[in-house]
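Trainee: Going down the list, the sequences are from chains V and P. My numbering applies: residue 1 is where the first sequence begins, and numbers increase by one. My numbering applies: residue 1 is where the second sequence begins, and numbers increase by one.
Be aware that a few hints might be false.
[Stated by the list, open to error] So these bits of chain P aren't anywhere near chain V, every CB distance computed over 10 Å: (1) Phe24; (2) Ser165; (3) Val300.
[Claimed, not checked] In silico DSSO-like links for lysine-lysine, alpha-carbon gap of 30 Å or less: (4) P:Lys270 to V:Lys121; (5) V:Lys94 to P:Lys222; (6) V:Lys33 to P:Lys124.
[Stated by the list, open to error] From chain P, some residues computed to sit far from chain V (all C-beta separations above 10 Å): (7) Asn126; (8) Val148; (9) Leu198; (10) Ala284.
Read the hints as simulated data drawn from the structure, not as lab findings. Glycine included, each C-beta is placed from N, C-alpha and C at the ideal position.
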Amino acid sequence: MDEILLKIEDLFIEYQTELETVRAVNGVSLEVKSGRTLGIVGETGAGKTTTCLSILRLLPDRTGRVTGGNICFRDKNIYSLSEEEMRTQICGEKISMIFQDPMTSLNPVMTVGSQIYEALKYHNHENKTREELERRVDEVLELVGIPAERKTEYPHQFSGGMKQRVVIAIALACEPELLIADEPTTALDVTVQAQVLAMMRDLQKKVGSAILLITHDLGVVAQMCDDALVMYAGEIVESGSIEDIFTPGSHHPYTMGLFGAIPDLDSAVDRLTPIEGLMPDPTKLPDGCYFADRCPYAEELCKQIHPTRTSLSGTHTILCHRFSEGLKEVSHE
Amino acid sequence: MTKYIIKRLIEIIPVVLGIAFIIFAILDMIPGDPARLILGQTATAEAVEQLRDEMGLNDPFITRFASYVKDVIFHFDFGNSYKSGQPVFAVILKRFPVSFKLALCGMIGSCVFGIPLGILSAVKQNTRIDNIISILAMTIVAMPSFWVAMMLVLVFCLYLGWLPSTGHTTLKEFILPTITISLANGCSVLRITRSSMLDVIRMDYLKTAQAKGVPKRVIIWKHAFGNALLPVITTVGSIFGSLLGGALICETVFTMPGIGSLIISSIKSKDIPVVMGALIFLSACYSLVMLAVDLLYAVVDPRIKAKYSSK
Numbered sequence: 001m002d003e004i005l006l007k008i009e010d011l012f013i014e015y016q017t018e019l020e021t022v023r024a025v026n027g028v029s030l031e032v033k034s035g036r037t038l039g040i041v042g043e044t045g046a047g048k049t050t051t052c053l054s055i056l057r058l059l060p061d062r063t064g065r066v067t068g069g070n071i072c073f074r075d076k077n078i079y080s081l082s083e084e085e086m087r088t089q090i091c092g093e094k095i096s097m098i099f100q101d102p103m104t105s106l107n108p109v110m111t112v113g114s115q116i117y118e119a120l121k122y123h124n125h126e127n128k129t130r131e132e133l134e135r136r137v138d139e140v141l142e143l144v145g146i147p148a149e150r151k152t153e154y155p156h157q158f159s160g161g162m163k164q165r166v167v168i169a170i171a172l173a174c175e176p177e178l179l180i181a182d183e184p185t186t187a188l189d190v191t192v193q194a195q196v197l198a199m200m201r202d203l204q205k206k207v208g209s210a211i212l213l214i215t216h217d218l219g220v221v222a223q224m225c226d227d228a229l230v231m232y233a234g235e236i237v238e239s240g241s242i243e244d245i246f247t248p249g250s251h252h253p254y255t256m257g258l259f260g261a262i263p264d265l266d267s268a269v270d271r272l273t274p275i276e277g278l279m280p281d282p283t284k285l286p287d288g289c290y291f292a293d294r295c296p297y298a299e300e301l302c303k304q305i306h307p308t309r310t311s312l313s314g315t316h317t318i319l320c321h322r323f324s325e326g327l328k329e330v331s332h333e
Numbered sequence: 001m002t003k004y005i006i007k008r009l010i011e012i013i014p015v016v017l018g019i020a021f022i023i024f025a026i027l028d029m030i031p032g033d034p035a036r037l038i039l040g041q042t043a044t045a046e047a048v049e050q051l052r053d054e055m056g057l058n059d060p061f062i063t064r065f066a067s068y069v070k071d072v073i074f075h076f077d078f079g080n081s082y083k084s085g086q087p088v089f090a091v092i093l094k095r096f097p098v099s100f101k102l103a104l105c106g107m108i109g110s111c112v113f114g115i116p117l118g119i120l121s122a123v124k125q126n127t128r129i130d131n132i133i134s135i136l137a138m139t140i141v142a143m144p145s146f147w148v149a150m151m152l153v154l155v156f157c158l159y160l161g162w163l164p165s166t167g168h169t170t171l172k173e174f175i176l177p178t179i180t181i182s183l184a185n186g187c188s189v190l191r192i193t194r195s196s197m198l199d200v201i202r203m204d205y206l207k208t209a210q211a212k213g214v215p216k217r218v219i220i221w222k223h224a225f226g227n228a229l230l231p232v233i234t235t236v237g238s239i240f241g242s243l244l245g246g247a248l249i250c251e252t253v254f255t256m257p258g259i260g261s262l263i264i265s266s267i268k269s270k271d272i273p274v275v276m277g278a279l280i281f282l283s284a285c286y287s288l289v290m291l292a293v294d295l296l297y298a299v300v301d302p303r304i305k306a307k308y309s310s311k
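Looking at chain V on its own, in the form it has when it is part of the complex (with noise of 0.2 Å):
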């Protein structure tokens, strides 16, 4: 069953600006595999939305653009579709994307329910009639858990969390092999979040869809995900199963950043403590690790020179020279 369903090879996507060029993702690799679900966790900024657009080729026009690399959904590498193959067979048929925020996403002059039946009615391949659509529309709103009936409702009169039941009812109603998540419950306040994320890991189930889980927290990946990533300034800085992330031993400094920026309720500290400094300015990255400046390991060689990817284990791999060279375990707290 663990088919690879979507694999990014070294991906590099710019902005080009009139004044600059912004070097979002650098060199990302990833695979999903059927059925299973990846999270990607970071900060903000850094290339976690940008490579789930470059997926759907979904970059704003004129500014983003992918400079290499590539993205293969099954065989079919996805830069070399037409645009028109792209809509008919890919774009919320094949892979469907929930956004962040669901107060922004639904189109607040259309009914709720023309807005499912569009993503059925433009992958209609088998010529159903428009009662049949219909039929199906009312069957993915009870499948989110909203009654049929309030498909004719616009989406000002649904809460925040009803929206965003509405906005993955359209990203199913295909029933998509890849499910792509961007931060689907940030905008939710948290009970609501966690029935969200249940939800979504019911359908799962009943659909079989692979999930790409965009999130900054590390809860929500623990919850979900069969694997994770860890993204800095564009690059995966480490990558593996759940429990090669969770469990202590080897990690990257910044995972271990990420770990410690969390409340622990068995030790009594009145300071979470974050990660000192800023992201390097995407605009003129360093030469050596871009981590180095905020590292507290950091050491002449990483400032110099960029670290290679080593694997730890079978899914494990970190990028950077504390495990490249003398392999030096670092505990995890």
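Given the coordinates of chain V, assemble chain P onto it according to the supplied hints.
Mentor: Then chain P, alone, in the frame of chain V:
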């Protein structure tokens, strides 16, 4: 919703009354004696004085205004034209169809010209197409209407002989006036469409639509333009409202007997009842157009509809 419409209709009454008062006051201050105007220069002073008495011109201002309003409301009588002696309302009604048709054609023409170009210009923001459209729009705005009208007459009537230069009955005769109006007003439709589209075009729901595989054409016209419509409706509505009474240049160049030229000629000949009646009629029309605009809002945007219904 019905309640809202009735409420708005009632609100029009004080607005029109206020306008009537202001116009009445201004016209009252204009020098010149209507009685003398009607009777002519040769009439005796006694005859003029007698007529003034009959017309109630010697009464105080407020009394005169009150009796005017009373006649309008209870008898629907706007008085008679000083010049022709005909009832004012009949004079206006004779002119109104031409103005209405011209305004309607002008409004449709402005939309046909302004909306697609505005959308194109927004979608292609900061490209050569956008620049060309902006320059085109600025050039057209800078051209005076009367000059455009005369050039159109010159080319299409004199050189090519395709279209008539005057008249107001057949559709063909409306083509040149419509083009003149559409060019001038279409540019404001174009600008408002462009800026309103630019506000919408980066919204997340367009990305959602793209991600679910909606064709680009549908995204632009249905999703983006559907949300960018409100300011466009306002602009188009006020263009229509002002065209009803103000397509003066077109009416003059193409000799079309509309309300605009009626008002101007009445002002020139101090035909006060006609000016009064026409302006009140226009203000009522304008208020109704604006009400229609507000109701269209509700059709376009369900959030506004909800607000109206709750009131």
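Trainee: Tell me, in ascending order, the numbers of any earlier hints that this structure violates.
Mentor: 3, 4, 6 and 7
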